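S.K.: First to last, the protein sequences are chains V and D.
Under my numbering, the residue at position 72 of the first sequence is numbered 72, and the numbers go up by one with no gaps.
Under my numbering, the residue at position 252 of the second sequence is numbered 252, and the numbers go up by one with no gaps.
Wrong hints could be hidden among the right ones.
Said to hold, decoys possible - Below, a list of computed lysine-lysine pairs in the DSSO-like style, where the Cα atoms sit at most 30 Å apart:
| no. | chain 1 | residue 1 | chain 2 | residue 2 |
| --- | --- | --- | --- | --- |
| 1 | D | K102 | V | K103 |
| 2 | V | K119 | D | K260 |
| 3 | D | K21 | D | K102 |
Hints are computed from structural coordinates only; laboratory data are not their basis.
None of these values were measured; they are calculated from a predicted model.
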Amino acid sequence: MLRPFTPEWAAAFRDAINADAEYRTAGAGWTWPLALSLSADPARGFPHDVAIELDLAHGTCGEVRVKVGERATTDYVLRGDYDAWRAVVGGQLDPVVAVTMGKLKLVQGSLTTLMLQTKAAKALVACAQKVPTDFGAS
Amino acid sequence: MPFANATDLASPYFQLFGKAKRLHWDPADIDLSADRDQWRLIVRDYQRERYAEQIRRLCAFFAAGEESVTNTLAPFLAAVPRGELGLDKEFHLAAQLYEEAKHYEFFARYFNEVFGESPAVAAAELTPAPQAVLVDDLNAVTDRLRRAEGREAVRHAFLEAVTHYMGAVEAMLARTGYVGAHDALASRGWLPGLQEGFRLIRRDEGRHVAFGIHVVREMCADEPHLRSLVQDTFERNLPNVLGTIQAFGIYDTPIVDLGKLTAFALGAYEQFMGAAGLAAIDATGLETELDADG
Ligand SMILES: [Fe+2]
Ligand SMILES: [Fe+2]
Chain V
1 MLRPFTPEWA
11 AAFRDAINAD
21 AEYRTAGAGW
31 TWPLALSLSA
41 DPARGFPHDV
51 AIELDLAHGT
61 CGEVRVKVGE
71 RATTDYVLRG
81 DYDAWRAVVG
91 GQLDPVVAVT
101 MGKLKLVQGS
111 LTTLMLQTKA
121 AKALVACAQK
131 VPTDFGAS
Chain D
1 MPFANATDLA
11 SPYFQLFGKA
21 KRLHWDPADI
31 DLSADRDQWR
41 LIVRDYQRER
51 YAEQIRRLCA
61 FFAAGEESVT
71 NTLAPFLAAV
81 PRGELGLDKE
91 FHLAAQLYEE
101 AKHYEFFARY
111 FNEVFGESPA
121 VAAAELTPAP
131 QAVLVDDLNA
141 VTDRLRRAEG
151 REAVRHAFLE
161 AVTHYMGAVE
171 AMLARTGYVG
181 AHDALASRGW
191 LPGLQEGFRL
201 IRRDEGRHVA
211 FGIHVVREMC
221 ADEPHLRSLV
231 QDTFERNLPN
241 VLGTIQAFGI
251 YDTPIVDLGK
261 LTAFALGAYE
271 QFMGAAGLAA
281 IDATGLETEL
291 DADG
């Protein structure tokens, strides 16, 4: 089991994306680097904000970068707190509903474009669900 | 040539007008007597689920929305000759204004005769997201249309206003809401008069949405540089549109299926973006569905 938002988790996430036939199709139209950004939560072991930057393009993922305490610089940045990411990655909360409810916030990028790519977003989250992740007890 | 399309009976706008005449209905004819009896039971028996509160809130959103769209449609009609947009659009818009007034009349009757209160209370029920997209921002965009001067400025303001009114408000919220609300009542066998009102209003809204899709497609095909107006209008409104649907997320047992409604609203959004040439989707799917609505 891997702790979320760590370099090991990010690498496993990238491998899961690149091994996923579903994402290759659903994400074919998504051509922008995307960061998943976690707000600092010292009680959960995250004293600083963490961002996982994924170089997504045409259904695959190139480089991944983990930025601790630094601003993400990707075209798209989705930001949420620990509970939001746990619910989305854990499959209890649909990623599109999470954005519409404001639990995940698009702090960088175009909402109109993101909302045309809901299939890609769901397939991406499905890849994260394939990584054995230890979110700890709620 | 402002009158060029006036007698083109094949024009989609003229056909929508024809349908509106054939599918006429009167809100005063809907029988609400069974609803009055059932309403008392729903209030009494579902306090934990807060179903009565949710149904009343849905109706308040619809009533305030219908009042607002009735108030803001006139500038579209007045813009047609100024922007040389084609008289056939005015035929449709005249029917639409009459229909929006009937929709508001239906809810006014429902508040008076079933809820036992004045429909004037509905406006106060709006939370910030629906207040913005249904009322304040709609007023602002139609006010810009009213003030626009010169053919080009009028056409741009018209497209922007159509995207807001027919796209964000009617396609994403009204028609989505009426489908969801009708299903919620039909699956429980509740409030037959309200169900009938939802069914008839939704049928009208299908034509209003079809008008919007035709306008967006026609104007963006003729002048592709106008596409950015459609995109920018949705960019501004999406957060409040989605926030309006999520206003029902505060209930533990929502009477409508929020996931389904969100997907339905985003499907309508995709169709508008497709009509503008901004998404790789063709809008004929929704048109077929709207045709089936009547
Ligand atoms: Fe209406
Ligand atoms: Fe309408």
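S.K.: Which of the stated hints cannot be reconciled with the structure, identified by number in ascending sequence?
M.R.: 1
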